[in-house]
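Peer 1: Let the hints inform the model, and build the full structure from the sequences given.
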Amino acid sequence: MLTDRARTDFERWVRAYSAELYRYAYWLCRDRFVAEDLVQETFSRAWQATQQLRDPHAVKSWLYTILRNEHARLYERKRFDIDEDHDLAELVDATAADPSDGIALRESLGRLSPGHLEPLLLQVVGGFSCAEIATMMKLTEGAVMTRLTRARMALRGHSSSRASVRAIR
Amino acid sequence: MSCLDFRRSVLAGPGLRSMDSQAHIDECADCRAFLHHIRGLESRISEAVLVPVPEGLEERILLRNESRPRIRRARYAVAAAILVTAGLLTQGVTQRAHEPALPASTVAADETHAAAMAISFVLEHEPKLLHQDQQGDPAVLRESLARLGLRLPDGETTVRYLGKCPVPGGTGDHVVLFGPWGKVTLILVADQRVPQRSIVSVREQVAIAAPARDGGYILISDSLAQAKRMEDMIL
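Going line by line, the protein sequences match chains A and B. Sequential numbering of the first sequence, starting at 262, is according to our numbering. Sequential numbering of the second sequence, starting at 541, is according to our numbering.
Rather than coming from a laboratory, the hints here were simulated on the basis of the structure. Where is the CB? At the ideal position from N, CA and C, for every residue including glycine. Don't take every hint at face value.
As the list claims (entries may be wrong) - Ranges of calculated distance between the beta carbons of each label pair, as one might list FRET restraints:
{"hint": "1", "chain 1": "B", "residue 1": "720", "chain 2": "A", "residue 2": "375", "range": "26 to 34 Å"}
{"hint": "2", "chain 1": "A", "residue 1": "392", "chain 2": "B", "residue 2": "694", "range": "57 to 65 Å"}
{"hint": "3", "chain 1": "A", "residue 1": "401", "chain 2": "B", "residue 2": "579", "range": "38 to 46 Å"}
Unchecked claim - Computed footprint of chain A on chain B, listed as stretches where at least three residues anywhere in the stretch have a Cβ under 8 Å from a Cβ of chain A:
{"hint": "4", "stretch": "572-584"}
{"hint": "5", "stretch": "589-596"}
{"hint": "6", "stretch": "747-761"}
Unchecked claim - Partial selection, computed: residues in chain B whose CB lies under 10 Å from chain A:
{"hint": "7", "residue": "551"}
{"hint": "8", "residue": "602"}
{"hint": "9", "residue": "668"}
{"hint": "10", "residue": "671"}
Peer 2: What follows is the structure, encoded as structure tokens:
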């Protein structure tokens, strides 16, 4: 039997995290109706499993993990092959860039592979550290950093202030 | 710290800054410019991911998961059943004087009946949602209706709200329509079985629930005639 305290906590979680979870879900599935279903299902599962939450300070990452699992279950996510050993120097020297607006940047976000988009979302939307993302995605911290680097490099083409960027010495 | 190490750390997390990296940008103008550039990009990424959150999302989540004390639920269920029965016996507890009697298909329902839940949602949440003036995209509504073999009501009817709402086992489309004779709420339930057509009368509201293709629809109004008129328009 859940206590009033548990109900109050649950409502607080909904108020605090539903918006960012929705945005995270939206970028995972790119469908606003599916995104809302994912968030609804996430909170339903959280509500049913409240007593399993051991660390109250880990609510946010717990909710994100539930949502990730729900999304994976929904789409039976395939494993995406990602080349972690790509030469970073080559990437940093890339200069292709076109001035663009938010729409183009959103399109570029949508074109990122799920394996690169997801850590970026967890960092930008969720505010998680590389170590936390590594735990959630069951990766090494180094692999997360590499994926974040590559994601930003892919989006860098939409930065309008490229003039000042030069190649590494 | 080398330029490569510095840039790698910036790309992995533009907000992070170690003492080493601070020392590096104090000395390296190129990397200082790179940091400035990437932070500008980060700002735009942060804005780009801010897709609009559906209005009323928090309330719908809370409604779906709310857990009232058992005694209150039981009392409410009994009240619903009594009102439905009263509707059958008196032919008009929830109807206007000039309206037809509730038909024989009227069912005794408890609060778990989809139509009774829809009425509760309308009474408890719709007033607040209507203040949000979320008219929605008619194309999305038309598509949702088409999936169920239904059609958009004619030009005399306006859509005052379009959003999502909880239905047994999932989420439905919540549409508030205003026609010449007043407000009717339409809830579209896709991909879930809706049993045979039934009419439920609870808390001075009437709901018509009926199957349609792979799902069904629920029309809620304070008048059975009004709900039926709207039903004729969408079928």
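Peer 1: How about residue 671 of chain B: closest beta carbon in chain A under 10 Å, or not?
Peer 2: violated, 18 Å
Peer 1: Under a C-beta cut-off of less than 8 Å, do 3 or more residues of the stretch 572-584 of chain B approach chain A closely enough to confirm the stated coverage?
Peer 2: Contact hint for the stretch 572-584 of chain B vs chain A: holds, 9 residues under 8 Å.
Peer 1: If I claimed the Cβ atoms of residue 401 of chain A and residue 579 of chain B lie 38 to 46 Å apart, would that claim hold in this structure?
Peer 2: Because 26 Å falls outside the window, the suggested range is violated.
Peer 1: Taking the least C-beta to C-beta distance, is residue 668 of chain B closer than 10 Å to chain A?
Peer 2: With Cβ-Cβ at 15 Å, over 10 Å, it is violated.
Peer 1: For the hint 57 to 65 Å, verify it against the beta carbon of residue 392 of chain A and that of residue 694 of chain B.
Peer 2: Between residue 392 of chain A and residue 694 of chain B, where Cβ atoms are some 58 Å apart, the hint holds.
Peer 1: Do three or more residues from the stretch 589-596 of chain B put their C-beta atoms closer than 8 Å to C-beta atoms of chain A?
Peer 2: holds (count 5)
Peer 1: Confirm or reject the coverage of the stretch 747-761 of chain B by chain A under the rule of 3 or more residues with a beta carbon closer than 8 Å to the chain's beta carbons.
Peer 2: n = 0 at 8 Å, threshold three: violated.
Peer 1: Hint says 26 to 34 Å; check whether the CB-CB distance for residue 720 of chain B and residue 375 of chain A agrees.
Peer 2: Given a distance of about 49 Å, which is not inside 26 to 34 Å, the answer is violated.
Peer 1: Does residue 551 of chain B hold up as a contact with chain A if the rule is Cβ-Cβ below 10 Å?
Peer 2: The hint holds - residue 551 of chain B has a Cβ within 10 Å of chain A, the shortest such distance being about 4 Å.
Peer 1: Should the hint that residue 602 of chain B touches chain A count as held when the rule is a Cβ pair under 10 Å?
Peer 2: holds, 6 Å
Hint check: violations occur at hints 1, 3, 6, 9, 10; the rest are consistent with the structure.
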